[in-house]
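Please put together the full structure from these sequences, using the hints given.
Given next are the chains, with one letter for each unit.
2 protein chains.
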Amino acid sequence: MYSQINKNISRYVTFEPKELEIFNSLLEHKTVSKKTILLHEGEMCNFEAFVIKGCVRKYYIDANGFEVILQFAIENAWVSDISFSIYEDNPSRVYIETLEDCEFFLFSPETKEELFSKAPKFERAFRILMQRSLAVTQDRLFNTISKSATEKYLEFLEHYPTLSQRVAQHYIASYLGISAEFLSKIRTKIAKL
Amino acid sequence: MYSQINKNISRYVTFEPKELEIFNSLLEHKTVSKKTILLHEGEMCNFEAFVIKGCVRKYYIDANGFEVILQFAIENAWVSDISFSIYEDNPSRVYIETLEDCEFFLFSPETKEELFSKAPKFERAFRILMQRSLAVTQDRLFNTISKSATEKYLEFLEHYPTLSQRVAQHYIASYLGISAEFLSKIRTKIAKL
DNA sequence: TTCATTTCTTGTCCTAGTTCAATGCATGTG
DNA sequence: CACATGCATTGAACTAGGACAAGAAATGAA
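Chains as they are written, first to last, in full-length UniProt numbering: chain A, 1 to 193; chain B, 1 to 193.
These are calculated hints, taken from the structure and not from any lab test.
Among these hints, one or two may not hold up.
[Claimed, not checked] Here are the simulated DSSO-like pairs of lysine-lysine, each with C-alpha atoms no more than 27 Å apart in a straight line:
1. A:LYS18 to A:LYS118
2. A:LYS121 to B:LYS121
3. A:LYS53 to A:LYS30
4. B:LYS18 to A:LYS147
5. A:LYS18 to B:LYS121
6. A:LYS7 to B:LYS121
7. B:LYS53 to B:LYS34
8. B:LYS58 to A:LYS18
9. A:LYS118 to B:LYS118
10. B:LYS121 to A:LYS118
11. A:LYS53 to A:LYS18
12. B:LYS121 to B:LYS7
13. B:LYS53 to B:LYS7
14. A:LYS53 to A:LYS35
15. A:LYS121 to B:LYS112
16. A:LYS118 to B:LYS18
[To be verified] Selected chain B positions facing chain A (Cβ under 7 Å, derived; list incomplete):
17. TYR60
18. ASP62
19. VAL68
20. TRP78
21. ILE82
22. GLU123
23. ARG127
24. MET130
25. LEU141
26. ASN143
27. THR144
28. SER146
29. SER148
30. GLY177
31. ARG187
Using N, Cα and C, we set each Cβ at its ideal position, and we do this for glycine too.
So, in C-alpha cells, the structure goes:
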C-alpha cells in the first residue's frame, strides 16, 4: 500500500524505515470518484495529494472564461496549489478536478509541519520535489513560447504516452494552449503522413 | 553588507543571529561587469546567485536560434539553473548573463550542503524560496497561454516597473514571447491613447 | 567628433492559429 | 431502447502576431 509513495519520496533522499513509518502514519488515504472537484477557485488549498491511481487536472479559468490546464497528475505524481505562498492571504485561483476514479494519499499543511518536526529529512525531500516541479514548469514555459502547436503536441505524446488515451482531446488542447479545433486539424494532418 | 540577503532569507523563516553568521560566512562575494556570461549552455551550473546590485537575464536558445528569456533577476532576486535536477547528468541548457555591472553573493552546491548540515533550518528557507519561484513561473505560464501580447506587456510594466527603463526592449519582447517589432507596435499604440 | 554598432520604429505581406458554424459520432442515463 | 449531452471533425472567414526590409535614433568606442 505504501510502497509507491515511499519509493517516490525516497528518490532523492534515503530514509530509515522508521522515518518512512512516521511518514506513512501521517498520510490520509482517500478514494474519490471521477469528475469530482477537489479544490474550487476561491478556496484555500489545504492539502497536498499524491496520486496512487487515477488522473486529475489542475486548471485556471482565464478572464474570458476559458479553462487553461496547468497540470495533469497521474499515478505517482503530486498535486496541490502552491500559489498561496505568493499571495499569502489570498485564496486559490485554481481548480483541481479528478478525471477518473482516483485514489490518493493526502497531507494537510499541519501534518506536513508535524512530519518536518518529527523527521526533518523530509524537508529536504520536499525541497527537491519542489525543485523538480519548477524545472518541469520552466521547461514547459520554454516549449509554450518557442514551439509550434504541432511540435508541442508531438512532444506531449512522447512525454505522456498514456495520457492521450486517457483524457479527452480538448483537455490536451487546453494544456497545450491551443484550441480544440486546431488540435483536431493537427491530428488529421499527422495521421496522413 | 549582509543586511539585504539576510532580510531576504529571513522572509519566511526566522533565524538566530548565529545561524545568519554561519550563512554569511559561507557566501562568496563577487563583482561582475556588464555583458558577462556567468553560465554557458553545456556547462554545469555550479552556483546559486543572489543579486545585490545589477540585473541579469537567464535564457535558452531555441531550435531556430532564437533566445527565449526565462527570467530577469534584479536586486534581491536569486538566479541559478535548477534544471540539472531534472536530467541529473545533463549539463545546463540555459545561459545566464549580466545586463548591467553586478554585485552578487554566490553559493556553490557544496557550500549549500555545508550550510544545511551546520544550520538545518536553511533547508526550509530554501524550500519556501523554491516554492515561490514555482508559483511565479506557473503564473507566468498561465499568462503566456491565456493573455494577448498587449495584456502581457501591460502586466509586465506593472510587475517590473523599473525594468522597462533598465533593459533593452527586445529583451522584454523575448521575455514576453513576442517579436521585438510587434512589441514596438504595441508601444506606439499604447502611447496614442 | 566621427564612425560603427546596436536598438527602435514603421510598413507590407504572410501564416499559424482562432472563431464560429454545422455535422456526425459516442456516451451515458432513465 | 431512445434520447440528450458531450466530444471530435471539418470548413470558411478572420486576426493576432511574425518575417522581412529599410530607415531613424541612440549608444559607445577611439
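Evaluation of the provided hints:
no. : hint                 : verdict
1   : A:LYS18 to A:LYS118  : holds (11 Å)
2   : A:LYS121 to B:LYS121 : holds (11 Å)
3   : A:LYS53 to A:LYS30   : holds (11 Å)
4   : B:LYS18 to A:LYS147  : violated (49 Å)
5   : A:LYS18 to B:LYS121  : holds (22 Å)
6   : A:LYS7 to B:LYS121   : holds (25 Å)
7   : B:LYS53 to B:LYS34   : holds (12 Å)
8   : B:LYS58 to A:LYS18   : violated (42 Å)
9   : A:LYS118 to B:LYS118 : holds (19 Å)
10  : B:LYS121 to A:LYS118 : holds (14 Å)
11  : A:LYS53 to A:LYS18   : holds (25 Å)
12  : B:LYS121 to B:LYS7   : holds (15 Å)
13  : B:LYS53 to B:LYS7    : holds (15 Å)
14  : A:LYS53 to A:LYS35   : holds (14 Å)
15  : A:LYS121 to B:LYS112 : holds (15 Å)
16  : A:LYS118 to B:LYS18  : holds (24 Å)
17  : TYR60                : holds (5 Å)
18  : ASP62                : holds (4 Å)
19  : VAL68                : holds (5 Å)
20  : TRP78                : violated (12 Å)
21  : ILE82                : holds (5 Å)
22  : GLU123               : holds (5 Å)
23  : ARG127               : holds (4 Å)
24  : MET130               : holds (4 Å)
25  : LEU141               : holds (5 Å)
26  : ASN143               : violated (9 Å)
27  : THR144               : holds (6 Å)
28  : SER146               : holds (4 Å)
29  : SER148               : violated (10 Å)
30  : GLY177               : holds (4 Å)
31  : ARG187               : violated (20 Å)
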